[in-house]
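Asker: So the chains spell out like this:
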Amino acid sequence: MRRRAALAGVGSAAGLLAALFGVGGGIVIVPALIARGWQAHRATATSLAAIGAAAVFGTVRYAFDDLVVWRDALLIGLPAVAGVVLGTTLAQRVRGPHLQLAFACVMLVVAGRLAW
Amino acid sequence: MSHVALALALGLAGGVLAGLFGVGGGIVFVPALTLGLGLAQLTAEATSLAAIIPVVAVGSYRQHRSGLVDWRSAGIIGLCSLVGVLAGAEIALRLPEHTLRRGFAAFLVLAAAQMALRASRQLRTVEA
Chain L
1 MRRRAALAGV GSAAGLLAAL FGVGGGIVIV PALIARGWQA HRATATSLAA
51 IGAAAVFGTV RYAFDDLVVW RDALLIGLPA VAGVVLGTTL AQRVRGPHLQ
101 LAFACVMLVV AGRLAW
Chain V
117 MSHVALALAL GLAGGVLAGL FGVGGGIVFV PALTLGLGLA QLTAEATSLA
167 AIIPVVAVGS YRQHRSGLVD WRSAGIIGLC SLVGVLAGAE IALRLPEHTL
217 RRGFAAFLVL AAAQMALRAS RQLRTVEA
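Chain order of the listed sequences is L and V.
Each residue of the first sequence is one higher than the last, beginning at 1 in our numbering.
Each residue of the second sequence is one higher than the last, beginning at 117 in our numbering.
Keep in mind that the hints were calculated from the coordinates and are not lab data.
Here the structure is a predicted model, which means the values were calculated and not measured.
Where is the CB? At the ideal position from N, CA and C, for every residue including glycine.
Among the clues, some could well be false.
Stretch by stretch, here's where chain V covers chain L in the computed footprint (C-beta under 8 Å, at least three residues) [what the hints assert, rightly or not]:
| hint | segment |
| --- | --- |
| 1 | 2-14 |
| 2 | 19-26 |
| 3 | 37-51 |
| 4 | 67-80 |
| 5 | 100-109 |
Pulled out of the complex, with its shape left as it was, chain L reads as follows (with noise of 0.2 Å):
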């Protein structure tokens, strides 16, 4: 009973930064379950199929309001599949702490660029 309360506490959480940010939520999900005693890749991988109903609520939500760009959706989406498949394979390579730290750079820049 008490996991299952925790699990649903996650799960608003993520749902609230879904509607207010545009994000999945699996920055809350994946450390929540982790916290749990989870193990990082099946944290990882549940958390993405839950992000998947948070985006689908998030989506129906927001095409009340007409706020929904279909065509964007689309042209971004579709090609990030093959991105996402692209970059997975890559960070069995790449991946590493220097990689990781100039790219929380970037995204720096890019929180200063929206902020101003």
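Put chain V on the given structure of chain L with help from the hints.
Answerer: Frame of chain L, contents of chain V only:
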């Protein structure tokens, strides 16, 4: 570059980055849609959620074949996300454009900090 070509390129690049760094697509899609394609913040967020669906569908299928998905837990988390989605949308729809944009920027800073923390932990384990 035409809008279509730019969108396709951003989608491909966003997917590669998401796969490479293990971040969700949204964190890359939202800036791509606002800074790249000129969408308003909330429109970009709504469109990003739709763009995530095919990525997550294929990703989940691959993980499911590896037997890594705990569907019961994913179901509970996924269903309960509806509560958060409905609440979050009410908030987002009321916030002015620049506040939402700054909120997303703050979220991006937190995500960057999380990634930097993970990277520095790895660096320490490598050195130790």
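Asker: Give a verdict on every hint.
Answerer: Right, here's what the structure says about each hint:
1. 2-14: Held - the segment 2-14 of chain L has 9 residues with a Cβ nearer than 8 Å to chain V, which meets the minimum of three.
2. 19-26: holds (count 8)
3. 37-51: holds (count 10)
4. 67-80: holds (count 13)
5. 100-109: This one holds; 7 residues, not fewer than the three required, reach chain V with a Cβ under 8 Å.
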